[in-house]
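Chains as they are written, first to last, in my numbering: chain G, 43 to 303; chain A, 12 to 64.
Since no wrong hints were added, every one of them can be taken at face value.
One-sided and incomplete, this derived list gives chain G residues near chain A with beta-carbon spacing under 10 Å:
#, residue
1, 61
2, 65
3, 69
4, 70
5, 81
6, 201
7, 245
8, 248
9, 249
10, 268
11, 280
Facing chain G, from chain A, some residues (calculated, C-beta under 8 Å):
#, residue
12, 12
13, 13
14, 42
15, 43
16, 47
17, 50
18, 51
19, 63
Because the hints were derived from the structure by calculation, they are not lab data. Even for Gly, the Cβ is constructed at its ideal location relative to N, Cα and C.
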Amino acid sequence: MSRPNPESATTPAKPRVRISFLGVAGELLLTAGVLVLLFIGWQNFFNSWVLNGQQNGAAAQLGKQWLEQSGPATGGSPSPSGAAEGGASVGPRADIPVESQPANRQTIAVMYVPRFGIDWKRTIREGTGLDVLNSSQAGIGHYADTGMPGAVGNFAVAAHDTGYGSSFLHMQNLRLGDKIYVQTKDGFYTYAFRNYQYVQPNEVAVLDPVPKQQGVQASDRLLTMTTCNPPYHTVERLISYAVLESFSKTPPAAIASEVGQ
Amino acid sequence: MYAALWRVLPGPWWLRLIIVLALLAAVLFVLFEWVFPLIDGVLNKNQQGTVGT
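All chains should be modelled from the sequences, with the hints used to inform the complete structure.
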């Protein structure tokens with residue numbers, strides 16, 4: 043070796059350490075164990091935590107942008123009037139705007155669920171592929187052949203319960219009547235939670251215009267959310283249904299402090 | 012194996028320690044950014060919270 047080594051000069055008779063097969067094998071096994079633990083930690087904590095922040099931030103930015111575009115009168119600040127809920131700004135049902143079906147991966151809406159946390163928000167994109175559900179810019183995917191927000195029928199979305207932002211981790215905390223707000227570039231749709239269903243993973247009938255009533259003509263405007271059940275496992279699906287209550291152009295009072303932040 | 016790595020590294024002990032920590036950070040970054048997402052995609056194909064897939 044050309045590198046000077048002062049230690050070797052002072053300790054000349056040090057025997058070479060031999061690398062034993064068992065020693066290397068043991069170290070490899072220990073390494074494998076650490077890697078598995080790291081993977082579990084990444085999957086359940088790091089991944090959820092980091093992506094949760096990124097998805098929240100992306101949704102907040104989008105909500106703010108839509109709010110600023112929608113009304114020159116509001117000027118980016120939420121309307122102070124409480125008329126949003128059940129007041130004069132709620133038009134007849136025929137006046138509820140419904141967007142046309144978007145292209146795959148196109149951004150549809152921002153969802154706010156105060157029961158999941160007052161600062162919880164997520165972007166909804168078209169399609170339920172992993173490119174949407176695992177995205178740091180989205181997190182919630184819209185089933186491609188189901189209705190749009192505000193439409194008569196079933197606006198159905200899916201998200202992870204654990205991992206990749208853990209969007210629907212607290213789904214089982216929803217109570218009857220809990221508000222679920224869906225913001226599009228048109229305004230705010232307010233849905234009220236109605237009920238749960240626990241189904242098998244292949245139960246696509248929950249996406250029907252009238253869930254689990256194939257071929258029946260829809261008259262309600264539903265929001266259906268699907269996620270894995272139980273948390274951290276995938277044996278079942280937890281389905282939440284909510285019914286449209288109102289539409290308003292300005293942010294509803296309950297989330298006015300969050301929109302545009 | 013790791014003892015051999017330690018002997019191969021140049022410099023005094025604190026420099027070796029810094030190099031080892033830098034190596035660890037690099038390995039962790041590669042794992043978190045690319046390897047774990049790849050493994051997760053293979054292991055949990057049916058874990059998207061969707062019905063009918």
